[in-house]
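Each residue of the sequence shown is one higher than the last, beginning at 0 in numbering that gives the first Met the number 0.
Everything labelled a hint here was simulated from the structure, so no lab data went into it.
Hints may be right or wrong, so weigh each one.
[To be verified] Listed below are the simulated BS3-like cross-link pairs for lysine-lysine, each with C-alpha atoms no more than 30 Å apart in a straight line:
1) Lys30 / Lys197
2) Lys247 / Lys96
3) Lys196 / Lys9
[Said to hold, decoys possible] Listed next, with one range per pair, are the computed distances between beta-carbon atoms:
4) Val21 / Pro168: 32 to 38 Å
5) Asp254 / Lys97: 21 to 27 Å
6) Leu61 / Ala167: 43 to 49 Å
7) Pro168 / Arg60: 43 to 49 Å
8) Glu159 / Ala127: 29 to 35 Å
Using N, Cα and C, we set each Cβ at its ideal position, and we do this for glycine too.
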Amino acid sequence: MKAPKLEPAKPGIVGKIRWKMVKTFMQTVGKSSNGVRLGYKYGFNSGTMLDYVYLNKPQGRLGIGKLLDKTYLNAVGWRAIRNRRDLLQAVLRTELKKFRAEEEAIRLLDPAAGPGRYLQELLKEDPANIRVLCRDLKEEGLNQGRREAAESGLDNIHFEVGDAFNPAPTTTLLGGPPNSLVVSGLYEQIPDDSTVKKSLQTFYDFLAPGGIIILTTQLQHPQLDFVVNVMTSYSGGPFLLNCRPLEKIEGWVKDAGFSRITSSVEKEGLCAVTVAYK
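With the sequences and hints as input, model every part of the structure.
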């Protein structure tokens, strides 16, 4: 059995030339694909890019652009991301039902949400007894979320700029500290383990008593070399995707003080969703 791809290989001289050629193609011909063009404009790890991947409707310039976009969106990494979204929504539905069964008001925070499309989809299914706050560092994704929420008539979801690693109080928009916290696609972008562990402790302290945290983990990625050498992040540098064993993440969650920790892995085997309780 082939070992999971957890880290990119360091290319030699020939490898660097090859990746430069691939990146040049992607930044020229590849931009006829709407997805590739969005990736280089906003970052392949941006909320805007994630929203486009979730939408999964190939678009492009001329015939080749749409064909390239279809290939791009069908890459195994993006398929896994869509599976992760479906798994995340399923876990959220289950947990929100528990809150509603106890007639407890739901105060949900996603500290790095982008447009929050997956949350808007859940609110359309059942908007009862819930307030949602989407935060992000980028206004572009938040503005997109505001537009989509307004078009859908959703008045119980709010958007504001915020730092996921230094969360401001949520009393004004949620009516109190969050009792549901979703951290999706954030820790995969953080190479420093101590930063992730500190963040988990911060979120534990930030949550209301009896609250839940739901987080995602990138377990592996078979195209990691392509991601690192060709794609760019929202900061303009390389897209550094950080893969970690699930056991490590679950251990950090436990060390932060959480209990009743359970995880599920999507069908491609690349991403996991973990839920834990305070």
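Output the numbers, in ascending order, of every earlier hint that fails for this structure.
Hint check: 1, 4 and 8 fail, others pass.
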